[in-house]
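Visitor: Order-wise, the sequence lines are chains A and B. Taken in order, the first sequence gives residues 249 to 582; the numbers are from the numbering used here. Taken in order, the second sequence gives residues -6 to 446; the numbers are from the numbering used here.
Keep in mind the hints are simulated off the structure, nothing from the lab. Idealized CB from N, CA, C, for every residue including glycine. Heads up, some of the hints might be wrong.
Claimed, not checked - Residues on chain A that point at chain B, a partial pick, calculated with CB under 8 Å: (1) L325; (2) V338; (3) E545.
Unchecked claim - Covered by chain A, per the in silico footprint, the following chain B stretches (three or more residues, Cβ under 8 Å): (4) 54 to 60; (5) 73 to 83; (6) 101 to 111; (7) 156 to 162; (8) 266 to 274; (9) 378 to 391; (10) 410 to 421.
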Amino acid sequence: MSFDWPTALPLIFAGLMGLAILIYVILDGFDLGIGILFAAAEDAEQDTMIAAIGPFWDANETWLVLAVGLLLVAFPLAHGVILTALYIPVFVLLLGLILRGVAFDFRAKVPAGRKHRWNRIFFLGSLIASLAQGYMLGVYVLGLDVGLGGMAFGVLVAFCLAAAYAAMGAAWVIYKTEGELQKKAVRWLRTTLVLTALGMAAVSLATPFASPRIFDKWFVWPEMLYLSPLPILSALLFLWLWRQTFHLPKPDDRHSLTPFLTLAAIFALGFAGLAWSFYPFVVPDRLTIWQAASAPESLAIILAGTVVVLPIIIFYSFYAYRVFGGKATDLTYD
Amino acid sequence: MDPLILSRIQFGANISFHILFPTITIALGWVLLFFKLRYNATNDSAWMRAYFTWVKVFALSFAMGVVSGVTMSFQFGTNWPGYMEKVGNIAGPLLAYEILTAFFLEAAFLGIMLFGFRRVSNRIHTLATVLVAGGTTVSAFWIIALNSWMQTPAGFEMRDGVAHAVDWWAIIFNPSMPYRLTHMLLASGLTVSFLIAGLSALRYLTGDRSESMWKALRTGVFTAAILIPIQIFAGDQHGLNTLEHQPQKIAAMEANWNTGPNVPLVLFALPDEAAKENKFEIAIPDGASLVLRHSTSGVVPGLNDYPGNHPPVFPVFWGFRVMVGTGILMLLVSWSAAFFLKRRHSLPKPLAMLMVPMALSGWLATLAGWYTTEIGRQPWLVTGVLKTGDAVGPVAGSHVALTLATYLVLYVLLLIAYLGVLVHLALKAAKDGDSSPLPGVMNAAMSQPAAGE
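Take these sequences, add in the hints, and give me the full structure.
Guide: Given below as structure tokens:
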């Protein structure tokens, strides 16, 4: 049996795009979450929190560029349909990303008196970007339906995702800090986990009404059986993590990375569930990944580059994270 | 409201805002490497001070470039879906390679370059600087390859109304690409050298005579003095290339209405497209024929050969003149400053005062040049393949008007904040002189400099 490239390539690219989005959501999720938590932090804590993400945020946001880039290059038709339908939310997202991205740098370089202003802009930008991403996800799940019910659903997902990002941010602060701030972050994590859980419950309850299509996809025998590990495992991880927040931080700072990794796993499971809800569509109910894909020869040349370069990117990203490993309050002079 | 013209203004505003920052980071990365290598060779901490002053400018410019670049990558889809639908098979891989080979490299090593001085060995820190500088340049390579392909497309064929790649080498190294890339890289070098020279002149004017100021000032002035004649030559070659491949653009640049020999070089005019003539024209007889064909009887293409298929004359004509005029001013200023620095080891006050606003001359020339070439591509988005009007998306005009207005306000505010910080950083460096602590020693090693400075 010969390998059918025209069939396989769009599928591979859908997978790559999904991977890029997942990595983006996890990595920039903690950046944005820390921005949201800025509202609850003291001045000195804010500096430490920025120190915990300063060297990384840029590379983290690049995963979004890659995800959009892959959508753009691999599925040009879908790219146009999705982004024109989401014109205003995309604009709001960009506004948020611009504000938070420049605030990062400005807050450290402006005269001391103006720093507060940029701290506020950093918080606002992070919050706006998170809400916009959630709203877009909600509307996209419903097949870009922008009726009133769809918008309400979008708003629900927006708050859920913002809470989830804040939880990621809190988990990252737990990993990168110590002392009072770390204890505070544990409390943040507990609160945001509850909010996220409430949001997810609301979204799950709303989905069958909002989208019978997705409901049908999940609740048919025997798929239901194969899919059941996804929600069950997520729920268990959720509960376990919530219980953990009562025992953190642990002596010698053991398991300080565990909350972050657990949340990343929950995100990955949720993402797998989403992916299943869509497959094989890239624009729900309108365009399948094969209908929207670029010419196979163009995909092939991108794939060749990706296969060579992606491992290198992952390698040096790990290196960068290792260079800045350890606690963010670590004021070593050499 | 017409979504086409609003989308064009929005993309124009976005890309104009964006290009300001890569124009700085592309060359500033290499200047920082130069500072770093001088430090490595001489162990003179003034070089490292210059590095740390300018690395902050780099960080800020990089952030501005990233956020405005992300905006652009989305606008391809939100406003111009017809572009990717028609030429996505060509543009897609070029953009993908830019992300894969450049963006991640820059972003990952930027952290080490900015905050890792005390975290990694000096050698790795130098390597990080090389990789970031290299990344910005590779990024410029891919984006210029794509832009040049849109100007002078090659290496493709149309199948069912969609462009398909035939020869990737011909696509990347299309006829105008080497010229455009050289021109742009030199423009970046000039922008940065005038920026450094200008802000150092500001420090000089406030009485700063520190070693790090001198080192930055000399680097800026001498680099500018060396690059500007090269740029004038490269620009001329680029113009001849345009004459060969996009004659209608040359006709608009020269405001030449009729094809023929003995075409004058128009120095000043108000081109009137309706009347097909120039008002208040001041011109050098036979000048354009001489410049473009090296003979008074050389035939220069005129707009009459391209009815309905040539760009708007006024902005292209004036964009070109602003660019060339700024270039000549750059030549005069950089050579006189180089003369005084070399011979007198000082800078006359009036010249220093002129150099301060000239800090932004690179931006002006770059924008004027881009307007010339990009408006000069109209009415085509991809020459001969896709018209701009056919690529615009189905978004309502009111939506575009709303986003455009917001972007404009935001860009103006950010630009003011950015320039304010540049001046603030220069004045602060001037105040601290050589006594400023070396960042990375005093600041938290891995943080952004935490306190407002």
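Visitor: Does each hint fit the structure? Answer for all of them.
Guide: Hint check results:
1. L325: Holds, because the Cβ-Cβ distance from A/L325 to chain B comes to roughly 6 Å (cut-off 8 Å).
2. V338: For A/V338, the interface hint holds, since the closest Cβ of chain B sits about 5 Å away, which is under 8 Å.
3. E545: holds, 6 Å
4. 54 to 60: holds (count 5)
5. 73 to 83: holds (count 7)
6. 101 to 111: With 9 residues close enough to chain A, the hint holds.
7. 156 to 162: holds (count 3)
8. 266 to 274: Answer violated; 0 residues pass the 8 Å Cβ test.
9. 378 to 391: It holds, with 3 qualifying residues against the three required.
10. 410 to 421: holds (count 5)
In summary, the one numbered hint that this structure violates is 8.
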